[in-house]
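A.B. asks: 22 is the number that our numbering gives to position 22 of the sequence shown; each next residue is one higher, with no gaps.
Hints are supplied without guarantee of correctness; some may be wrong.
[Unchecked claim] Once the Cα atoms are required to be at most 25 Å apart in a straight line, the calculated DSS-like pairs of lysine-lysine come out as:
| no. | residue 1 | residue 2 |
| --- | --- | --- |
| 1 | K107 | K19 |
| 2 | K112 | K19 |
| 3 | K90 | K19 |
| 4 | K90 | K71 |
| 5 | K107 | K71 |
| 6 | K90 | K107 |
| 7 | K112 | K90 |
These are calculated hints, taken from the structure and not from any lab test.
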Amino acid sequence: MKDQEPALVFVPDLFFQSKIVATANATGSSIQLIASPEALIEECRRQSESLVILDLAAPEVDMVGLIRAIKNERGTARLNFVGFYSHVDKELERRAREAGCDLVLPKSVFSKRLPEILTGFLSIG
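Please put together the full structure from these sequences, using the hints given.
C.D. replies: Now the structure itself:
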């Protein structure tokens with residue numbers, strides 16, 4: 001990820017947000033924290049190739065609908081979506097995959113593999 005656009009991180013949960021920031025700093029990865037669904041859509045329109053990290057279970061945000069909306073935009077085909085969820089919510093996992101999320105991981109697996117995800121050593125998509 002070092003020679004690419006920064007990873008876009010839309011994770012309202014401050015605990016996971018700080019975990020991603022700390023891991024990005026430790027791995028020398030570039031990230032951009034996104035504050036709202038609208039800001040994410042706008043940023044995805046600007047970046048031709050990037051990693052997008054989402055907390056699929058974020059309250060008050062329809063992440064599955066957001067993925068669909070972005071995937072339907074022209075010029076976003078080269079964006080790679082990684083979403084994490086609570087391991088007990090298999091229905092959310094299924095819906096996220098159907099919407100076009102390239103990699104859907106339980107929170108524990110996401111946390112463990114985050115360095116690989118941010119540095120591009122984990123094949124996505």
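A.B. asks: Taking the hints in turn, state whether each one holds.
C.D. replies: Results of checking the hints against the structure:
Taking the CA atoms of K107 and K19, the gap is about 12 Å. The hint holds against a cut of 25 Å. For the hint pairing K112 with K19, the CA-to-CA distance comes to about 11 Å; that is within 25 Å, so the pair holds. At most 25 Å may separate the alpha-carbon atoms for a hinted pair to count; K90 and K19 meet this at roughly 24 Å. In summary, the hint linking K90 to K71 is supported, as the alpha carbons are separated by about 22 Å, within the 25 Å threshold.
The hinted pair formed by K107 and K71 meets the criterion: a straight-line CA distance of about 23 Å does not exceed 25 Å. In summary, the hint linking K90 to K107 is supported, as the alpha carbons are separated by about 13 Å, within the 25 Å threshold. Simply put, K112 and K90 have alpha-carbon atoms about 20 Å apart, close enough for the 25 Å limit, and the pair holds.
Violated hints are absent here; each numbered hint is respected by the structure.
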